[in-house]
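Visitor: These protein sequences, in sequence, are chains A and L.
When we follow my numbering, the leftmost residue of the first sequence carries the number 1, and every step to the right adds one.
When we follow my numbering, the leftmost residue of the second sequence carries the number 1, and every step to the right adds one.
No false leads were mixed into what you were given.
Distance condition first, Cα-Cα at most 25 Å in a straight line; then the derived DMTMM-like pairs of lysine to aspartate or glutamate:
| id | chain 1 | residue 1 | chain 2 | residue 2 |
| --- | --- | --- | --- | --- |
| 1 | L | 197 | A | 52 |
| 2 | A | 69 | L | 239 |
| 3 | L | 522 | L | 231 |
| 4 | L | 139 | L | 195 |
| 5 | L | 144 | L | 174 |
| 6 | L | 197 | L | 215 |
| 7 | L | 495 | L | 239 |
| 8 | L | 197 | A | 46 |
| 9 | A | 69 | L | 231 |
| 10 | L | 150 | A | 46 |
| 11 | L | 495 | L | 329 |
| 12 | L | 150 | L | 267 |
| 13 | L | 150 | A | 54 |
| 14 | L | 197 | A | 54 |
| 15 | L | 144 | L | 160 |
| 16 | A | 24 | L | 63 |
| 17 | L | 144 | L | 118 |
Everything labelled a hint here was simulated from the structure, so no lab data went into it.
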Amino acid sequence: MIRLSTLLWALLVALSGYAMFQIKYEVVQLEDERARLDHRIDAAREQIRVLDAEWSFLNQPARLDQLAKHFLDLHPLGADQIGHLAQLPRRSPSPPAAAEAAAPPSAPSQPTAAPRLANARAAVMQ
Amino acid sequence: MKPVQPPHDDNPCRPRHYKPAPCAPAPVEGPAKQSLETSHTRLIITGALFCLAFLVIAARLVEVAGFKADETRFARVRSDETPAITRADIVDRNGVLLATTLDAPSLYANARLIRHPERVAEQLAAILPDVSESEIAAKLASDKSFVWIKRLLTPSQELEVNRLGVPGLQFQTEGRRVYPKGNLTSEVVGYDDLDGKGLAGIERGFDDILRDRSEPVELSIDVRLQYILRDEIARTVADFSATGGIGIIMDVNTGEVLAMVSLPDFDPNSPGSATPQQLFNRATLGIYEMGSTFKIFNTALALDTHTATLASSYDAIDPIRIGGFTIHDDHAQRRWLTVPEIFQYSSNIGSAKMAVAVGTDRQKAFLTRLGLLKAPSFELHEIGAPLVPSPWREINTMTVAFGQGISVSPLQMATAVSAVVNGGVLHRATLIKRPDGYAPSGQQVVSPRTSEEMRALLRLVVAHGTGEFAEAPGYLVGGKTGTAEKVAAGRYEPKGLFSSFVGVFPVNEPRYLVMVCIDEPKGNKESHGFATGGWTAAPAVKRVVERMAPLMGIQPVDEDSPEIRRSLMVGSPSPQGQKIAAN
Numbered sequence: 001m002i003r004l005s006t007l008l009w010a011l012l013v014a015l016s017g018y019a020m021f022q023i024k025y026e027v028v029q030l031e032d033e034r035a036r037l038d039h040r041i042d043a044a045r046e047q048i049r050v051l052d053a054e055w056s057f058l059n060q061p062a063r064l065d066q067l068a069k070h071f072l073d074l075h076p077l078g079a080d081q082i083g084h085l086a087q088l089p090r091r092s093p094s095p096p097a098a099a100e101a102a103a104p105p106s107a108p109s110q111p112t113a114a115p116r117l118a119n120a121r122a123a124v125m126q
Numbered sequence: 001m002k003p004v005q006p007p008h009d010d011n012p013c014r015p016r017h018y019k020p021a022p023c024a025p026a027p028v029e030g031p032a033k034q035s036l037e038t039s040h041t042r043l044i045i046t047g048a049l050f051c052l053a054f055l056v057i058a059a060r061l062v063e064v065a066g067f068k069a070d071e072t073r074f075a076r077v078r079s080d081e082t083p084a085i086t087r088a089d090i091v092d093r094n095g096v097l098l099a100t101t102l103d104a105p106s107l108y109a110n111a112r113l114i115r116h117p118e119r120v121a122e123q124l125a126a127i128l129p130d131v132s133e134s135e136i137a138a139k140l141a142s143d144k145s146f147v148w149i150k151r152l153l154t155p156s157q158e159l160e161v162n163r164l165g166v167p168g169l170q171f172q173t174e175g176r177r178v179y180p181k182g183n184l185t186s187e188v189v190g191y192d193d194l195d196g197k198g199l200a201g202i203e204r205g206f207d208d209i210l211r212d213r214s215e216p217v218e219l220s221i222d223v224r225l226q227y228i229l230r231d232e233i234a235r236t237v238a239d240f241s242a243t244g245g246i247g248i249i250m251d252v253n254t255g256e257v258l259a260m261v262s263l264p265d266f267d268p269n270s271p272g273s274a275t276p277q278q279l280f281n282r283a284t285l286g287i288y289e290m291g292s293t294f295k296i297f298n299t300a301l302a303l304d305t306h307t308a309t310l311a312s313s314y315d316a317i318d319p320i321r322i323g324g325f326t327i328h329d330d331h332a333q334r335r336w337l338t339v340p341e342i343f344q345y346s347s348n349i350g351s352a353k354m355a356v357a358v359g360t361d362r363q364k365a366f367l368t369r370l371g372l373l374k375a376p377s378f379e380l381h382e383i384g385a386p387l388v389p390s391p392w393r394e395i396n397t398m399t400v401a402f403g404q405g406i407s408v409s410p411l412q413m414a415t416a417v418s419a420v421v422n423g424g425v426l427h428r429a430t431l432i433k434r435p436d437g438y439a440p441s442g443q444q445v446v447s448p449r450t451s452e453e454m455r456a457l458l459r460l461v462v463a464h465g466t467g468e469f470a471e472a473p474g475y476l477v478g479g480k481t482g483t484a485e486k487v488a489a490g491r492y493e494p495k496g497l498f499s500s501f502v503g504v505f506p507v508n509e510p511r512y513l514v515m516v517c518i519d520e521p522k523g524n525k526e527s528h529g530f531a532t533g534g535w536t537a538a539p540a541v542k543r544v545v546e547r548m549a550p551l552m553g554i555q556p557v558d559e560d561s562p563e564i565r566r567s568l569m570v571g572s573p574s575p576q577g578q579k580i581a582a583n
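Please take these sequences and the hints and turn them into a complete structure.
Guide: Written out as structure tokens, the structure reads:
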């Protein structure tokens, strides 16, 4: 009887000892990994800072201005190019189908301003 | 005490284990007995302690295994939860990066480990062009264990130094302040020294705050507006061969400075190569006689104190002679002028008479309320104190009326004009972004009615007066020109002008103030030789307004619509009254 319980205890001790070392090594491994990740996070953060600075540097308005002048055919927006909805002509009493027929999407190459506005207004109304 | 002996028993048949019961309690005396007892007690105490220890361990085991399973605890604190404190970034109101800190290696040497100082110095000097070879050699030959060779190297230099493979040369990572926008915001943001100490601008004014916090400091500056303003001022300065230019864009309803330019400026990434003129922030530290833009305050003063109405008129036929000086008009009309006409034609004579009618004391009190007589509180350290006449005699009252004999900084000027047009509330100028919907408290300096009248007068100057070149169609610019002769060696210098224009738009419901000052412009062919505010600064303001208004979402309006005309009508309710006065 005594021998059996002794054996059992010895077994338990061995088991728990094994488990303890196992866990300890796992913890050490995890901590190493954590340190590695921390390091990578730090490096990534520093990289982000560098990239942010570079982004801001490349977006200097003077540079963008030059690039836009060189590559784009755009000009500063003039006050006369901005309109109100209220400035659009009143919607014609004819049903929308008629308005569409008057200025179909595949319209002539040079549509006049009025149908275009009417179209825009129809779009707004929808 | 003598031990009691048990009675002698000589019976041979007595049981060997029998011990006669003592008639008295068993004696406890005797050294053996005592030591036995002591060890017994010790044993019990030790056993109890062990039991306790095991119990504690068992309890802890149960606790850890059973209840704390999900809570992870680390003996080591994560390094990046409390990162090494780097100086906070500076961003503009839209979050665009203006100043940041990047890691950069700094090279130092342990001179005791260097075997051949001359040879190493020669190699290093080839890699680091801005450090002299002899200097490095001297440092390496010293017997110190730590000498800086060069702070903040570039990555390629670091690589080259590593390639040398010289023992004793080592790197230390340091924070290097980088200003990605370069010159654009140099006067506002300022710059740092190598040890991260702010030396100018926000870097200096907010040194402690930048040091302590990790979130970026948000300025009220809008980089887009800053660029537009700088671009147009640079163009004007070049066109008129001026020595410098100043510009401020301010939100008149909050006092936020949206853009602030002082040309010439410098590259904050290499402040060492900047000249004192470049480092000098003319917008806040420079003080100037503003000239006719001061008539904004003079007219507001006369209207607010009810010494004049828009229908009052003053004799502007002859120049005023006082104390050896002559006050005359640049755009002389040689007749009686109404208050709107005085403003429109920028009449010095009329303004002086208006000021005299108000009186010195009230003028002084009014300018004090507008914050023009003492240095303003601002986030920058570069703040110029105004130059105020002392003693303030009648002639000073007259000259101050049209902006002579008093010098203020452009920032003060912008702040005060904002107050006059925004309904009469003075807001402290600030470089720090206000949260959306923030309603800043302010001091009422003129009545809302006066403010409304002033807006109409400012519109009149642009629509039909000296500021016609500031007219940006659709955006209802109102403003006032100013041309002052600079004081040099105690007298006015007719060729050294300080030409300015302070504009507000949309003037019927003001949102932004745009101020441009050009220092010593020379007239050119396009301006027919003129270098006044109306010819130099006003067109710049117009271009700035035209470029910034779409960005700020301002709807252009029709100036001729009845509502607009009514809201900006100048004059008394009865048209006859105005006509009589004009005659």
